[in-house]
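Listed here are the chains, written in short residue letters.
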Amino acid sequence: MELFSHLAVGFGVALTPINLLYALVGALLGTLIGVLPGIGPVATIAMLLPTTYALQPVSALIMLAGIYYGAQYGGSTTAILVNMPGESSSVVTCLDGYQMARRGQAGAALATAALGSFFAGTCATLLVAAVSLPLSALALKFGPAEYFSLMVLGLIGAVVLAHGSLVKAIAMIILGLLLGIVGTDVNSGVARFDFGIPELSDGIGVVVVAMGLFGFSEIILNLESTEKRELITTKLRGMWPTKAQFKLAAPAVLRGTALGSVLGVLPGGGAMLSSFAAYSLEKRIAKDPSRFGKGAIEGVAAPEAANNAGAQTSFIPMLTLGIPSNPVMALMIGAMIIQGIQPGPNVITEKPELFWGLIASMWVGNVMLLVLNLPMIGMWVKFLTVPYHVLFPGIIAVCCIGVYSVSNNAFDVYTMAFFGVVGYVLVKLDCEPAPMILGFVIGKMLEEYLRRAMLLSRGDPLVFFQRPISAVLLILAIAALVLVLIPSVSKKREEAFRE
Amino acid sequence: MPRFQWRPLFIVLGSVVLFGAIVRSVGVALSTVILIVAASAASREFRPRESLIAGVLLAALAVGVFVIGLQLQLPIWPGQQ
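From first to last, the protein sequence lines are chains R and C.
Residue 1029 in this note's numbering is what sits at position 460 of the first sequence, and the numbering runs on without skipping anything.
Residue 16 in this note's numbering is what sits at position 21 of the second sequence, and the numbering runs on without skipping anything.
Everything labelled a hint here was simulated from the structure, so no lab data went into it.
To list a few chain R residues with every Cβ distance to chain C over 10 Å, as calculated: (1) L748; (2) N756; (3) S859; (4) Q911; (5) T918; (6) R1021; (7) D1029; (8) L1031.
Covered stretches of chain C (in silico footprint by chain R; criterion: 3 or more residues with CB under 8 Å from a CB of chain R, positions within the stretch not fixed): (9) 0 to 13; (10) 17 to 27; (11) 47 to 55; (12) 61 to 72.
Each residue gets a CB set at the ideal place from its N, CA and C atoms; glycine is no exception.
Let's have the full structure, built from the sequences with the hints guiding it.
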């Protein structure tokens, strides 16, 4: 089997001491920020991006990936013990996980979450490995027109799956696209939207935008609400679920894994969407839905499996097509570009050790996380006693030093502060910043492919409908948009997100 | 209209802008301490002495990680650039 020889190459890379170390650093950091409410993977990855300049490309990506899926493990701990989501993807875990903890079953809930996550992570890693080869082979046949249509589909997908108002999500995407094209136009050399500021002629860095939008606005919003944490301090005795609980949890983990794997690939998908969808699926198919919210183990098992599966499969479009499906993947693309790697279908053939090394490291990282989270849970719980007013100035400092170190230019620090204001105002206006960062990263690529396609067709826009793959992608995009505009469907969509 | 709370917004972002303004001349070590003390004032539980200690510790850690560990070219002390 070709796949196994590729995976062998991957494990060869992932198991070198230095890469094991960075996988561990990523897993540790991911668990830490997962446990701590008020700081998410997007802000953390943005914070650490500047430090990856000095690393080998594989090591950098291994560490950053570890932060994302590590956060999925850590988030459940806080959800179960404190009834507070450590991570946005663990919101639904609070519902039943905390109830289990109050009944003295905290150990069982934590073990279910960790084992479910591990099973899901293993399956999803295999899926990423299996799907990547054929998908990037297909993507190599793509011309500029296909890429353009694919990106349009991706952006529309992000709109459809975003919370709240459609109009606001579309506005966010367009704002992101416009911010993305700030700087010198590659074709004509004309400076666009730079207001005569020389620092803007290279465009705005993705790190600067992500830190402002996700890091700073998060901090300011957290400072508005008063700190209150109630930790369940009962000793964690009886780690293992009973046989009856296991029988209920195992099929839920399977369903969560399957659902999460599919939803992770979708644009705008990823960990959070997967966990919400898995919880409502469990509630719908349960024989006795009234148990949910009162400590049903399926309500912990399914969403925790789903968020880890979704976190992992969201790498598929990024690795094979070079298109981000969520803000974390947008930053991963940023990290690859920093390292001089052009993300896309060529990565798999040109840099096989990077590609398979990253995939193999995901499984290695999951093994580490299982060890980090089950026997060492007590240590992570201690971190919850660090008060936020001690934590947040440190986060701000790391952001500032990191951004300044990239260019040695204070302008980037000011820009970051500016995007902090933007992010804060957007959240207050119920506009989600996630579609905006997707638009921001895709903006330049989208424009480039549009231009190339139009050049090849001698200015005929019909080319996007004449090429079959491109036509199918665009029709899918239009169908998705029409579908959510149908009143009955849009009502369902609202209900689904309220849950 | 949503309610805006100006205090944390201004203090957090003001301290960031202050950091940007002084880091070149004062160096990373001192400007990090100033940044942390200034930003801490955004919290309702601001204790000046505590945040000064936290600032010194974090500044030492930051210099250790960024300048010595990752070998980034940053001015540490005043007058290096």
